[in-house]
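Build out the structure end to end from the sequences listed, making use of the hints.
Okay, here's what each chain looks like letter by letter:
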Amino acid sequence: MALAQAPHSLLYLDGVTVSFDGFKALNSLSLVVEAGEMRAIIGPNGAGKTTMMDVITGKTRPDEGDVLFSGVVDLTKLDETEIATLGIGRKFQKPTVFEHHTVLDNLRLALAGDRRAITAPFWRESERERTRIEEILSTVRLGEHRGRLAGGLSHGQKQWLEIGMLLAQEPRLLLVDEPAAGMTDAETRQTAELLKEIQRDRTVIVVEHDMSFVRELGVRVTVLHEGSVLAEGSLDQVSADERVIEVYLGR
Amino acid sequence: MRRLLFGLDARGVLFLVVVLAAAVLVPVSNLALPPSSPLHLPSHWVPLIGKYLCYALLALAVDLIWGYCGILSLGHGAFFALGGYAMGMYLMRQIGSRGVYGNAMLPDFMVFLNWKELPFYWYGFDYFAYAVLMVMLVPGLLAFVFGWFAFRSRVTGVYLSIITQALTFALMLGFFRNNFGFGGNNGLTDFKDILGFNIQAPTTRAALFSISALALAFGYLLCRWLVTSKFGMVLVAVRDEEPRARFLGYRVENYKLVAFVVSAVLAGIAGALYVPQVGIINPSEFSPANSIEIIVWVAVGGRGTLVGAALGAVAVNYAKTYFTTGMLAPYWLFALGGLFILVTLLFPKGIVGTLSDWFRRERAPGNGAASAPVAKPAE
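Chains as they are written, first to last, in my numbering: chain C, 692 to 942; chain B, -2 to 376.
Treat the hints as calculated values from the structure; they're not laboratory data. Note that CB positions come from ideal geometry on N, CA and C, so glycine has one too. Incorrect hints may appear among the rest.
Said to hold, decoys possible - Cβ-Cβ distance ranges computed for the label pairs, FRET-style: (1) C:Glu884 / B:Ala163: 24 to 34 Å; (2) C:Gln784 / B:Ala163: 34 to 44 Å; (3) B:Ala163 / C:Glu816: 35 to 45 Å; (4) C:Phe711 / B:Ala163: 28 to 38 Å; (5) C:Gln881 / B:Arg357: 30 to 40 Å; (6) C:Phe813 / B:Ser94: 47 to 57 Å.
Stated by the list, open to error - A few chain C positions that, by computed beta-carbon distances, are all more than 12 Å from chain B: (7) Asn718; (8) Ser719; (9) Ser721; (10) Thr767; (11) Asp770; (12) Glu771; (13) Gly778; (14) His791; (15) Ala801; (16) Asp805; (17) Glu825; (18) Gly847; (19) Glu869; (20) Met874; (21) Arg911; (22) Val920.
To be verified - Residues from chain C that face chain B, not an exhaustive set, calculated with beta carbons under 8 Å: (23) Phe714; (24) Ala726; (25) Thr776; (26) Thr787; (27) Asp796; (28) Ala808.
Below, the structure is given as structure tokens:
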């Protein structure tokens, strides 16, 4: 195993296999993401993109293979909460915010800090937390909506709130599942800008269907197919790849 | 403390004022006013309203976990009954040699069963303080063990409801057995006195009433303090999007466990105050139907509002008293079932939820559509 290279990478997947009732959702998948990188993962439906995210965030345990975070932490041994605490944040495909909480409370809940149940009744917001939330509110452009219930936001605003919540978590690695799904063109452009802004001080993996969005991001692309990596490189490189064309356009 | 008092909303203040006023006025009206006075409250009403207040505390306990955390417990009557039994055991020990068999060492039912000595789990119940401890410890411990396994194994939704129902059903079957040592199907009754005071005396009943009202006020303040804190924010987050809460790094099972244990302890306290006022505790308190009824109270009053849960408990039980003492008695269960269906269909937010939506709309005309619900409708 190429463990020698792992310590330098933030995320290291090697030979990861996940099967559901005999169907291999991931088939010996190997992937390395360096710290500070933004990576786009593309692939047709059923290529294993979401399963890969599930494995990294502890929702699904792989049958085989290594998943290492910052070279030393074995993610396959941890659950969702522990992995989140390590600094891996996840954005779901469908925007999942707490609809019955205000925008502000959503961010408060996400803000990095003490997560214990036993101290939570005594929590009081500190000045530092207040300023941090203000920063995030302006980053995700939701300042004027702070008092609204998240359930009343538009689809695009919910997506941004969720991204804001991820930022509040102060993760080192951010997994973002189809951030542009269901967005207008203008919102899609703004989202791409937002992600680029975020990537300045952290590592981001974006799973996306929308090729124009991926082009907008202008980052290294990994193409998944049937649970393994089919190609990797710039978008122009992979779109020129014969096998990628075959997968996308059908045989 | 400051956060708690300043965090009270108008609804909460009104609720506390009513409950605390009742704690004073009901005993005064019953004891100090002559029966001829129009403001005199007849004696049989005191334990009856006292009983409603115990139910209100029980409903608060259920609302804390169901309304705010989405844990639909269909077995909360078990914690109520366990608290009641703990108190009942103390009251049994106070009977002493005044029982039918005149045996100072054993309660009547044990003499009847030809038992020679007191089972070890009855030790200590001669002492009031010990009984009070058990009132909280037994339901709390059971909730802790049950919750530890259930929440860790991520049992949620209908499956959790079913096992809570199974829990109370199993306890009912156990307590029905004579050799369990809790009086079998007759339960515990014929109480004489509590802390040396005659349990039948109007003054004792008035005192028990006031204590129940204070317990309800305390229970409300505790629940309110919890749900308005970050702890409560996380509970609602878990209710609405459990996976999201996990991916944010919250130990969801710990939050559920704390809420569940607090809720069970409150239910136990409610049961302990209920028993001396109604004068009996028997295994039918464990029956699954009782636990389901609590859910109806909360749904009718308004899930996730606390005040609504208490109000629903009092309103439904008052209706029950009214119905079951008249010629409508045979139709009570139909009325209860019909009420639940009507409320779920027409007022999914219950009395308090619907009213507060209505007030909000009145105050801010044209802004009604923007006000999203406080709690999800009953599932």
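Verification of the hints:
| no. | hint | in the structure |
| --- | --- | --- |
| 1 | C:Glu884 / B:Ala163: 24 to 34 Å | violated (54 Å) |
| 2 | C:Gln784 / B:Ala163: 34 to 44 Å | holds (37 Å) |
| 3 | B:Ala163 / C:Glu816: 35 to 45 Å | holds (42 Å) |
| 4 | C:Phe711 / B:Ala163: 28 to 38 Å | holds (30 Å) |
| 5 | C:Gln881 / B:Arg357: 30 to 40 Å | holds (33 Å) |
| 6 | C:Phe813 / B:Ser94: 47 to 57 Å | holds (50 Å) |
| 7 | Asn718 | holds (25 Å) |
| 8 | Ser719 | holds (26 Å) |
| 9 | Ser721 | holds (24 Å) |
| 10 | Thr767 | holds (17 Å) |
| 11 | Asp770 | violated (8 Å) |
| 12 | Glu771 | violated (4 Å) |
| 13 | Gly778 | violated (9 Å) |
| 14 | His791 | violated (6 Å) |
| 15 | Ala801 | violated (5 Å) |
| 16 | Asp805 | violated (9 Å) |
| 17 | Glu825 | holds (18 Å) |
| 18 | Gly847 | holds (18 Å) |
| 19 | Glu869 | holds (16 Å) |
| 20 | Met874 | holds (20 Å) |
| 21 | Arg911 | holds (25 Å) |
| 22 | Val920 | holds (25 Å) |
| 23 | Phe714 | violated (23 Å) |
| 24 | Ala726 | violated (21 Å) |
| 25 | Thr776 | holds (5 Å) |
| 26 | Thr787 | holds (5 Å) |
| 27 | Asp796 | holds (6 Å) |
| 28 | Ala808 | holds (4 Å) |
Checked against the numbered hints given earlier, the structure breaks hints 1, 11, 12, 13, 14, 15, 16, 23 and 24 and satisfies all the rest.
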